[in-house]
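Enquirer: All chains should be built: construct the whole structure from the sequences, respecting the hints.
Line by line, the protein sequences are chains A, B and C.
Following this note's numbering, the numbering of the first sequence begins with 1 at its first residue and continues without gaps.
Following this note's numbering, the numbering of the second sequence begins with 1 at its first residue and continues without gaps.
Following this note's numbering, the numbering of the third sequence begins with 1 at its first residue and continues without gaps.
For the record, the hints were derived by calculation from the structure and aren't laboratory data.
Hints may be right or wrong, so weigh each one.
Derived BS3-like pairs (lysine-lysine); straight-line CA-CA distance at most 30 Å [stated by the list, open to error]:
#, chain 1, residue 1, chain 2, residue 2
1, B, K235, A, K373
2, B, K301, C, K112
3, A, K269, A, K18
Just so you have them, the derived chain C footprint on chain B, three or more residues with Cβ under 8 Å [to be verified]:
#, stretch
4, 297 to 307
5, 321 to 330
Even glycine gets a Cβ: it sits at the ideal position worked out from N, Cα and C.
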Amino acid sequence: MKEKTYVEDIDRSIYDMKNDEKDAYKVKEGLTPEIVEQISKEKHDPTWMQLFRLQSLQIYNEMEVPDWGPSIEGLNMDQIVTYVRPNTHMSAKWSDVPKDIKDTFEKLGIPKAERKSLAGVGAQYDSELVYHNVRQEVAEQGVVYTDMESALTGPYEDMVKKHFMKLVTPRDHKFAALHGAVWSGGSFVYVPPGVSVTIPLQSYFRLNAPGAGQFEHTLIIVDEGAYLHFIEGCSAPKYNVANLHAGCVELYVGKNATLRYSTIENWSKNMYNLNTKRAKVEEGGTIQWVSGSFGSHVSYLYPMSVLNGVGAKSEFTGITFAGKGQNLDTGTKVVHNAPKTSSYVNTKSISKDGGISTFRSSVVVNNKAKETKSSVSCESLMLDDISRSDTIPAMDIRTKDADVGHEAKIGKISDDAVFYLMSRGISEDDARAMIVSGFADNVSKELPLEYAVEMNNLIHLEMKGSIG
Amino acid sequence: MKEEMNMKINQLPAKTFGWLHMNATDVSGVTAKQTIKIETQKPESVVCVLSDDKLQQVETGMGKDMDQLRENIKGTPTFFESQEGIKEADPVRLKFFYNDGVKDYHEVGFHVKKDSSLTIIMDYQSEKSKDGLAAVQTKIVAEENSKVCLVQIQRLGEGFQCMNDVGVVCEDGAEFDVIHLILGGKDTYLGCRTNLHGQKSSMNAQIGYQVLGNGKLDMNYVADHRGKRTISDIKASGILNDHGFKLFRGTIDFKKGASGAKGNEKEDVLLLDDHVVNQTIPLILCAEEDVEGNHGATIGKLDEEDLFYMQSRGLTEEEIYRMMAKARISAVCQKIPDEKTRDEILRNLEEGVLDEA
Amino acid sequence: MSEPLLKVEGLSVDVDDQEILHGIDLSIKKGETHVLMGPNGAGKSTLGNALMGNPKYKITNGSIFFDGKDILQDTTDQRARDGMFLSFQNPLEVPGISLGNFIRNALEQRTKKRIRLWDFKKEMKKAMEVLQMDESYADRDLNVGFSGGEKKKAEILQLLMLKPSFAILDETDSGLDVDAVRTVSKGIEEYQKNKNGALLIITHSTRILESLHVDQTHVLVDGKIAASGDVSMVEEINEHGFEQYEK
Numbered sequence: 001m002k003e004k005t006y007v008e009d010i011d012r013s014i015y016d017m018k019n020d021e022k023d024a025y026k027v028k029e030g031l032t033p034e035i036v037e038q039i040s041k042e043k044h045d046p047t048w049m050q051l052f053r054l055q056s057l058q059i060y061n062e063m064e065v066p067d068w069g070p071s072i073e074g075l076n077m078d079q080i081v082t083y084v085r086p087n088t089h090m091s092a093k094w095s096d097v098p099k100d101i102k103d104t105f106e107k108l109g110i111p112k113a114e115r116k117s118l119a120g121v122g123a124q125y126d127s128e129l130v131y132h133n134v135r136q137e138v139a140e141q142g143v144v145y146t147d148m149e150s151a152l153t154g155p156y157e158d159m160v161k162k163h164f165m166k167l168v169t170p171r172d173h174k175f176a177a178l179h180g181a182v183w184s185g186g187s188f189v190y191v192p193p194g195v196s197v198t199i200p201l202q203s204y205f206r207l208n209a210p211g212a213g214q215f216e217h218t219l220i221i222v223d224e225g226a227y228l229h230f231i232e233g234c235s236a237p238k239y240n241v242a243n244l245h246a247g248c249v250e251l252y253v254g255k256n257a258t259l260r261y262s263t264i265e266n267w268s269k270n271m272y273n274l275n276t277k278r279a280k281v282e283e284g285g286t287i288q289w290v291s292g293s294f295g296s297h298v299s300y301l302y303p304m305s306v307l308n309g310v311g312a313k314s315e316f317t318g319i320t321f322a323g324k325g326q327n328l329d330t331g332t333k334v335v336h337n338a339p340k341t342s343s344y345v346n347t348k349s350i351s352k353d354g355g356i357s358t359f360r361s362s363v364v365v366n367n368k369a370k371e372t373k374s375s376v377s378c379e380s381l382m383l384d385d386i387s388r389s390d391t392i393p394a395m396d397i398r399t400k401d402a403d404v405g406h407e408a409k410i411g412k413i414s415d416d417a418v419f420y421l422m423s424r425g426i427s428e429d430d431a432r433a434m435i436v437s438g439f440a441d442n443v444s445k446e447l448p449l450e451y452a453v454e455m456n457n458l459i460h461l462e463m464k465g466s467i468g
Numbered sequence: 001m002k003e004e005m006n007m008k009i010n011q012l013p014a015k016t017f018g019w020l021h022m023n024a025t026d027v028s029g030v031t032a033k034q035t036i037k038i039e040t041q042k043p044e045s046v047v048c049v050l051s052d053d054k055l056q057q058v059e060t061g062m063g064k065d066m067d068q069l070r071e072n073i074k075g076t077p078t079f080f081e082s083q084e085g086i087k088e089a090d091p092v093r094l095k096f097f098y099n100d101g102v103k104d105y106h107e108v109g110f111h112v113k114k115d116s117s118l119t120i121i122m123d124y125q126s127e128k129s130k131d132g133l134a135a136v137q138t139k140i141v142a143e144e145n146s147k148v149c150l151v152q153i154q155r156l157g158e159g160f161q162c163m164n165d166v167g168v169v170c171e172d173g174a175e176f177d178v179i180h181l182i183l184g185g186k187d188t189y190l191g192c193r194t195n196l197h198g199q200k201s202s203m204n205a206q207i208g209y210q211v212l213g214n215g216k217l218d219m220n221y222v223a224d225h226r227g228k229r230t231i232s233d234i235k236a237s238g239i240l241n242d243h244g245f246k247l248f249r250g251t252i253d254f255k256k257g258a259s260g261a262k263g264n265e266k267e268d269v270l271l272l273d274d275h276v277v278n279q280t281i282p283l284i285l286c287a288e289e290d291v292e293g294n295h296g297a298t299i300g301k302l303d304e305e306d307l308f309y310m311q312s313r314g315l316t317e318e319e320i321y322r323m324m325a326k327a328r329i330s331a332v333c334q335k336i337p338d339e340k341t342r343d344e345i346l347r348n349l350e351e352g353v354l355d356e357a
Numbered sequence: 001m002s003e004p005l006l007k008v009e010g011l012s013v014d015v016d017d018q019e020i021l022h023g024i025d026l027s028i029k030k031g032e033t034h035v036l037m038g039p040n041g042a043g044k045s046t047l048g049n050a051l052m053g054n055p056k057y058k059i060t061n062g063s064i065f066f067d068g069k070d071i072l073q074d075t076t077d078q079r080a081r082d083g084m085f086l087s088f089q090n091p092l093e094v095p096g097i098s099l100g101n102f103i104r105n106a107l108e109q110r111t112k113k114r115i116r117l118w119d120f121k122k123e124m125k126k127a128m129e130v131l132q133m134d135e136s137y138a139d140r141d142l143n144v145g146f147s148g149g150e151k152k153k154a155e156i157l158q159l160l161m162l163k164p165s166f167a168i169l170d171e172t173d174s175g176l177d178v179d180a181v182r183t184v185s186k187g188i189e190e191y192q193k194n195k196n197g198a199l200l201i202i203t204h205s206t207r208i209l210e211s212l213h214v215d216q217t218h219v220l221v222d223g224k225i226a227a228s229g230d231v232s233m234v235e236e237i238n239e240h241g242f243e244q245y246e247k
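Expert: The following block contains the structure:
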């Protein structure tokens with residue numbers, strides 16, 4: 001029998017560069033009220049925020065870890081440093097960013113992308129933003145794009161207070177509570193009514209310190225009739241100790257507004273990624289999630305859409321690639337709360353080298369949601385017999401006036417397809433590579449171009465010419 | 001059994017979000033005794049046996065608590081055995097008739113021997129009722145190249161609780177077909193686990209249900225693929241009306257080593273009232289590369305193109321829904337291999353006995 | 001001169017927000033047989049679906065009068081009960097309802113009368129003979145497991161049993177072998193014998209028309225009627241194709 005094509009791991013050398021720790025300040029490991037108070041003091045929180053943090057900590061201590069999903073036994077909160085401030089202040093010029101940090105972002109291609117194709121960039125290094133800038137013409141339209149800390153004390157304080165952790169409350173689950181207690185960094189975006197931001201904004205999160213946690217908070221409000229594409233990227237070098245990411249993303253999509261939220265998650269394989277993302281969509285609004293999960297040791301990630309207004313719509317496109325040592329539990333949640341709402345979910349997952357990928361979802365259609373449409377389609381590809389791929393989709397429908405469809409498929413690379421391509425003169429290796437990238441294609445074409453190219457390269461090049 | 005038992009049944013083979021309340025079902029205050037007499041008709045080649053170690057070990061769909069209930073009751077199981085090589089044309093018929101208020105537990109088992117085939121019809125009926133429990137655990141061992149067809153019909157009175165638990169082990173080349181028709185009762189709990197551990201063994205489940213009034217139907221089907229080239233096919237089709245509640249758990253579990261296995265699952269639910277609750281959770285678990293798993297679900301109203309076709313023949317929407325609802329149940333009835341039973345149920349349907357839908 | 005049975009004026013139709021038909025005029029009298037031909041994608045099936053009131057096909061302009069009545073607001077089942085019929089390209093499969101019961105049900109709905117089983121069976125048998133359908137098909141589930149040809153025959157069987165005053169046959173001949181086309185065509189002839197029955201036969205081949213009486217022929221190109229004429233046009237198209245009508 002012919003030897004099977006070996007699918008290489010994603011090349012992580014770019015992401016794996018490490019910088020020396022030259023942080024200005026970090027708290028002790030673990031999680032105590034003292035540590036939380038210290039973080040609050042360091043960050044000059046308003047009083048309500050300090051109280052909020054302490055309440056969240058209490059909730060954290062009361063709540064259990066989930067009894068489903070991948071094991072997080074390897075994560076010991078007593079060893080996690082929850083706050084690490086880099087030795088710099090936030091700047092609007094890359095030239096003011098310390099050289100080693102700047103070099104890191106240069107290698108990740110952030111400043112270049114900013115010059116080429118972005119309307120604004122925020123760059124977070126460990127717990128704080130080191131760079132934040134938005135193009136003048138976008139700012140002139142009234143678009144606000146700033147770090148959360150500035151938003152919290154600036155002219156938008158009331159708006160932040162009104163929305164902060166209201167969609168994802170600390171009671172949501174244990175790690176949402178943790179986030180509420182120790183959050184730091186992240187971005188605040190406000191797009192005024194009718195404003196269309198034609199080129200994307202991007203925030204990039206980089207975790208450099210070993211054994212640290214990153215807890216950035218992203219709050220985006222897209223007002224009536226406005227449009228925004230927001231890109232989120234994240235990576236970290238690999239360490240032998242567990243790192244933790246428990247970010248929180250809250251998106252408010254106004255009447256007839258559209259928000260496209262793209263994420264490329266490329267954390268290192270020692271990362272516990274316990275992230276929470278949620279969007280509330282008003283009448284006629286649309287949320288579009290594009291989600292690529294490639295990194296992390298363990299991931300729990302289910303961006304949720306709450307369709308609250310008549311005709312609100314959610315589209316979710318996701319791809320998950322689980323390799324050696326990875327247990328990636330990803331998917332989405334949708335709640336239909338109003339008439340004529342619709343949701344479309346399309347995901348692909350690939351498992352190889354002992355990696356575990358789980359697609360997990362829930363679609364809830366409430367009694368109010370007449371004339372609802374929902375369609376979920378998930379496909380999984382197994383590349384060997386030491387990996388694992390599970391599909392766990394749930395549906396809860398409480399009105400007769402719904403049209404809910406679901407499709408799931410799992411399998412290997414089809415021998416017939418390989419044979420067909422080979423009969424046209426393509427080598428077996430090329431044929432397999434083509435089939436895998438074809439499998440991922442309808443997801444990768446939803447990604448911003450540079451990312452799509454990167455992802456295709458990762459899949460295609462690594463498969464090609466590397467026979468096991 | 002005096003004391004009441006609080007049971008956790010129909011556990012999902014892989015848990016998910018707790019707030020959905022689909023991971024398992026709690027049933028509290030269960031009491032039962034072995035009281036009723038099963039009306040049995042069987043062909044001569046099938047014999048009764050007192051005990052059977054293999055049968056005793058079969059795992060079922062509802063899970064361990066159902067075994068515990070059996071132990072608490074200390075009842076005597078009714079086991080049957082077919083004879084090697086005999087392809088029995090006549091079915092074993094077990095009629096369970098419950099009087100109002102009866103709370104009964106029974107365990108039955110079928111050891112279907114090598115190269116034999118057997119059809120089993122189990123029919124649950126009762127008086128018009130306010131209250132009662134019909135708990136039945138059925139275990140089947142299907143030996144090499146045997147063929148088993150199990151038909152279970154639940155047409156209990158509207159106050160009855162039904163716990164119908166099935167566990168099957170298929171050895172090499174064994175074929176297990178099951179037809180479940182849930183037409184009556186108040187709360188029905190239904191578990192069905194098939195262990196496809198023999199090579200090329202297969203299971204084929206056809207489920208037809210209607211849940212009306214304040215009825216509740218809670219299901220857990222598991223196809224456990226262990227042997228190579230095993231096949232499973234689960235098709236559930238039903239209607240919900242009034243305040244009906246239905247939870248369908250269906251799992252295709254490809255264990256490592258089940259290369260060449262194929263699993264299919266399809267659910268089709270028609271919702272007829274705005275107060276129904278429909279929950280569906282179809283799992284595909286996979287630890288093997290060379291498998292094919294598919295799942296599809298259609299929930300809600302009729303497809304617009306289908307509706308248009310029927311309307312173009314002059315049928316009103318209301319009439320189309322009535323017809324399509326009935327069709328779903330009839331289509332499953334037609335699969336019953338025993339003519340006598342099939343005709344009786346179809347006649348019931350035609351006469352509108354089940355026409356409240 | 002009598003009023004036409006079907007009168008279509010300036011009909012424009014959108015599918016998925018794209019205009020497929022641009023201002024169609026068509027007039028069919030009682031007992032007439034019209035043929036609608038045209039290349040693939042011209043919008044022939046769209047016209048059939050729009051006339052029958054498929055909600056997916058949105059009428060943006062124009063009017064449809066049937067038997068003197070504006071039917072634009074009528075639902076599909078209302079149109080069917082008024083005497084319209086559409087034979088589908090891909091008929092629906094329904095497990096659990098037999099072909100016979102389905103037809104009987106539809107008939108009872110139309111006439112609002114209970115139909116005696118005996119009479120019904122007799123008539124059904126006659127119609128099935130014309131179509132060379134085995135009687136057992138009446139007891140088989142509607143279209144389930146039917147081959148392409150059997151499905152088309154089942155459609156024509158419904159045409160004969162429901163006796164509409166106007167029927168649209170959408171590509172009833174596509175995918176059929178020569179023998180099956182002949183049988184189906186016989187069924188249509190049987191329908192034509194009823195003097196008041198009008199037909200709109202949508203097709204892109206001419207085989208099915210060989211033994212049928214045709215009053216008028218229309219050619220649909222790019223969502224417009226490019227030409228209309230008598231039966232001789234069928235011959236023309238048979239020899240020269242649609243090119244002459246395409247701009």
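Enquirer: Work down the list of hints and note, for each, if the structure agrees.
Expert: Now the hints, each set against the structure:
1. B:K235 <-> A:K373: Measuring from Cα to Cα gives roughly 23 Å; hence the hint holds.
2. B:K301 <-> C:K112: holds (26 Å)
3. A:K269 <-> A:K18: Holds. A:K269 to A:K18 sits at ~14 Å (cutoff 30 Å).
4. 297 to 307: holds (count 3)
5. 321 to 330: With 7 residues in contact (Cβ-Cβ under 8 Å with chain C), the coverage given for the stretch 321 to 330 of chain B holds.
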